[in-house]
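Chemist: Letter by letter, the chains look like this.
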Amino acid sequence: MSANLSAIFYLISGFLFILALRGLSSPETSRQGNFFGILGMVIAITVTFLSVGSFSIGLIYVLIFLLVGGLIGTFIAYKIPMTAMPELVAGFHSLVGLSAVFVAISAFLNPEAFNLGSPGDIKLASLIEMSIGAAVGAITFSGSIIAFLKLQGIMSGSPITFKGQHFLNALLLISIIILTYLLCSSQISNFFWILIAVSFLIGFLLIIPIGGADMPVVISMLNSYSGWAAAGIGFTLENTALIITGALVGSSGAILSYIMCKGMNRSFFNVILGGFGATKQSASTENKEQRPVKNGNAEDAAFLMKNASSVIIVPGYGMAVAQAQHALREMVDTLKKNDIKVTYAIHPVAGRMPGHMNVLLAEANVPYDEVFELEEINNDFANADVAFVIGANDVTNPVAKTDPQSPIYGMPVLDVEKCKSVLFVKRSLSPGYAGIDNELFYKDNTLMLFADAKKMTEDITKNLKN
Amino acid sequence: MEIDPFIFRLSIFILSIFIGYYVVWSVTPSLHTPLMSVTNAISSVIIVGAIIAGLAGRSDNVFTVSNILGFLAISLAAVNIFGGFLVTQRMLQMYKKKKKDK
Chain A
1 MSANLSAIFY LISGFLFILA LRGLSSPETS RQGNFFGILG MVIAITVTFL SVGSFSIGLI
61 YVLIFLLVGG LIGTFIAYKI PMTAMPELVA GFHSLVGLSA VFVAISAFLN PEAFNLGSPG
121 DIKLASLIEM SIGAAVGAIT FSGSIIAFLK LQGIMSGSPI TFKGQHFLNA LLLISIIILT
181 YLLCSSQISN FFWILIAVSF LIGFLLIIPI GGADMPVVIS MLNSYSGWAA AGIGFTLENT
241 ALIITGALVG SSGAILSYIM CKGMNRSFFN VILGGFGATK QSASTENKEQ RPVKNGNAED
301 AAFLMKNASS VIIVPGYGMA VAQAQHALRE MVDTLKKNDI KVTYAIHPVA GRMPGHMNVL
361 LAEANVPYDE VFELEEINND FANADVAFVI GANDVTNPVA KTDPQSPIYG MPVLDVEKCK
421 SVLFVKRSLS PGYAGIDNEL FYKDNTLMLF ADAKKMTEDI TKNLKN
Chain B
467 MEIDPFIFRL SIFILSIFIG YYVVWSVTPS LHTPLMSVTN AISSVIIVGA IIAGLAGRSD
527 NVFTVSNILG FLAISLAAVN IFGGFLVTQR MLQMYKKKKK DK
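Just so you know, the sequences run in chain order A and B.
Mapping of the first sequence onto the working numbering: position 368 corresponds to residue 368, and the numbering continues sequentially without gaps.
Mapping of the second sequence onto the working numbering: position 92 corresponds to residue 558, and the numbering continues sequentially without gaps.
These aren't lab readings, by the way, just hints derived from the structure by calculation.
Do not take every clue at face value.
Distance windows between CB atoms, simulated [what the hints assert, rightly or not]:
#1 K294(A) / Y487(B): 18 to 28 angstroms
#2 V531(B) / Y258(A): 36 to 46 angstroms
#3 L168(A) / V531(B): 47 to 57 angstroms
#4 F474(B) / L50(A): 33 to 43 angstroms
#5 K341(A) / F474(B): 17 to 27 angstroms
#6 L476(B) / W193(A): 51 to 61 angstroms
#7 P471(B) / P404(A): 53 to 63 angstroms
Some, not all, of what chain A presents toward chain B, calculated at C-beta under 8 angstroms [said to hold, decoys possible]:
#8 I80
#9 P81
#10 L95
#11 G250
#12 P354
Beta carbons: idealized from backbone N, C-alpha and C, even for Gly.
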């Protein structure tokens with residue numbers, strides 16, 4: 001296949017990838033979009049096989065590895081529970097990163113295969129692109145591994161900080177630039193290996209100071225990095241499909257990080273520099289006076305909701321942990337049978353990744369037109385009878401609107417306190433991620449339901465049916 | 467003077483960033499998780515580089531370091547491609563318009 005023809009096919013697959021993202025603008029067109037994505041991928045892979053043309057013995061191995069990876073991927077895709085989506089995505093990002101590193105090394109060792117010159121005499125531009133691809137890929141890999149471990153709970157979600165951390169990171173980042181320069185001017189391969197090693201280290205150091213609840217930003221950021229890594233490799237291989245895709249994914253991840261940061265009213269750098277929630281914890285334990293809260297049980301909650309005419313559900317990460325989405329749906333079904341209007345309010349940073357809550361509710365068969373974003377629903381709280389907060393905390397804290405001293409001041413929050421009554425399902429009175437007390441607990445119209453989210457929801461449903 | 471092909475690729479890159487910017491802003495927030503999994507799947511188009519690496523070289527020696535790295539990269543990317551598209555499909559299936567409750 002001629003180079004021009006294959007370039008056109010790569011362009012087509014890049015175009016199909018754009019359509020794949022375009023499809024996600026509404027749930028109706030999304031499945032078609034995914035199909036376009038698959039089609040684009042099939043075209044890109046087929047064209048690559050045809051353009052290499054040499055069907056040597058290596059082809060058998062290529063197909064075997066393709067098949068093995070494909071089977072593993074298929075298996076994971078069908079087995080993974082929806083609550084584990086953040087871990088899965090983090091894990092997948094690490095694979096993109098690592099394969100970018102492998103491709104870059106492979107191109108470095110065997111530049112002839114990619115038309116980049118000969119070993120020790122690689123074209124300057126290619127060398128720079130390769131270094132960028134490898135470095136960003138390595139950062140994506142080790143960063144995603146740490147994010148994965150934190151999300152999976154293997155590693156503690158609390159930030160790990162030490163003195164001189166930012167200085168060390170800055171130093172390492174500068175050394176990347178210096179190493180790239182040395183590599184390009186001398187073509188000595190050792191610089192390339194050190195460059196990759198340092199990049200792995202940066203990815204690791206960059207993510208350890210970031211706490212569990214900031215993971216939505218981290219995952220989006222790593223998503224973006226995996227795109228830039230792909231683009232870097234795309235320049236090396238002079239492949240349009242990779243360049244287009246890399247740019248799409250890179251900007252997609254960047255936008256998601258931006259949306260997540262805005263949802264917390266924090267700057268990107270504030271999140272990335274990390275340590276949030278670690279320092280404030282001590283302060284909140286000191287002035288811990290026991291303030292009275294109203295403590296309720298499932299019966300009280302059922303009574304309140306039965307007499308309501310509209311209920312707004314506010315889910316958070318706790319719902320995912322307790323796997324309470326199905327129980328919640330059942331409760332809502334019972335409420336609807338009693339002609340009570342039920343809607344869901346989702347804060348942009350609820351959960352551990354963008355859109356996390358929406359997927360869980362969709363899994364539990366909640367129609368998506370009952371689920372609303374913060375701006376769409378925030379005015380409705382004043383007219384609602386009951387707000388049912390399940391597994392969310394900081395995103396409902398009115399302090400964000402009233403107390404300029406608070407670390408979460410200015411963060412957009414759901415106006416839960418405007419409801420006639422608030423039901424708050426929580427395991428204990430402990431403060432949320434930001435390490436600050438939630439004023440909502442102590443309001444007169446708040447009823448605290450101390451229990452596991454799933455258990456409590458099931459009990460309420462029982463009481464509603466009686 | 468002839469224009470370096472690199473400039474053309476750079477132009478494609480920059481314009482694609484703009485396309486990505488507008489397309490992604492139009493994605494509805496409730497589909498942000500599928501967006502992440504599908505972007506993950508399509509960024510695994512890096513597999514084209516892995517295939518070239520895996521098929522490179524002479525047929526009497528397919529186990530050079532560069533080939534083996536290519537093979538490994540192929541399977542990593544394949545996990546992502548199959549896993550990413552299928553899990554997206556699984557999620558999107560759940561967003562099907564449900565019949566209103568009786």
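Chemist: Evaluate the given range 47 to 57 angstroms for the C-beta pair formed by L168(A) and V531(B).
Modeler: Once the Cβ atoms are compared, 32 angstroms apart, the range 47 to 57 angstroms for V531(B) and L168(A) is violated.
Chemist: Starting from the hint 51 to 61 angstroms, judge whether the C-beta atoms of L476(B) and W193(A) obey it.
Modeler: violated, 28 angstroms
Chemist: Does the Cβ distance between P471(B) and P404(A) fall inside 53 to 63 angstroms?
Modeler: Taking Cβ atoms as reference, P471(B) and P404(A) lie about 55 angstroms apart, which means the hint holds.
Chemist: Determine whether the Cβ-Cβ distance between K341(A) and F474(B) falls within the hinted range of 17 to 27 angstroms.
Modeler: violated, 57 angstroms
Chemist: Lying within 33 to 43 angstroms: is that true of the beta-carbon distance F474(B) to L50(A)?
Modeler: Taking Cβ atoms as reference, F474(B) and L50(A) lie about 23 angstroms apart, which means the hint is violated.
Chemist: Does the hinted range 18 to 28 angstroms hold for K294(A) and Y487(B) at CB?
Modeler: violated, 48 angstroms
Chemist: With a cut-off of 8 angstroms, does the beta carbon of L95(A) approach a beta carbon of chain B closely enough for the hint to hold?
Modeler: Cβ of L95(A) sits 5 angstroms from chain B, so the hint holds.
Chemist: Let's test the interface hint: is any C-beta of chain B closer than 8 angstroms to that of I80(A)?
Modeler: Holds. Min distance 6 angstroms.
Chemist: Cβ-Cβ distance between V531(B) and Y258(A): within 36 to 46 angstroms?
Modeler: holds, 40 angstroms
Chemist: Would the hint on P81(A) be counted as holding, given a Cβ-Cβ threshold of 8 angstroms to chain B?
Modeler: This interface hint is violated because 11 angstroms lies over the 8 angstroms limit.
Chemist: Are P354(A) and chain B close enough, Cβ to Cβ, to be under 8 angstroms, as the hint says?
Modeler: holds, 4 angstroms
Chemist: Is the hint on G250(A) kept, meaning its closest Cβ partner in chain B is under 8 angstroms away?
Modeler: holds, 7 angstroms
When held up to the earlier numbered hints, the structure conflicts with 1, 3, 4, 5, 6 and 9 and fits the remainder.
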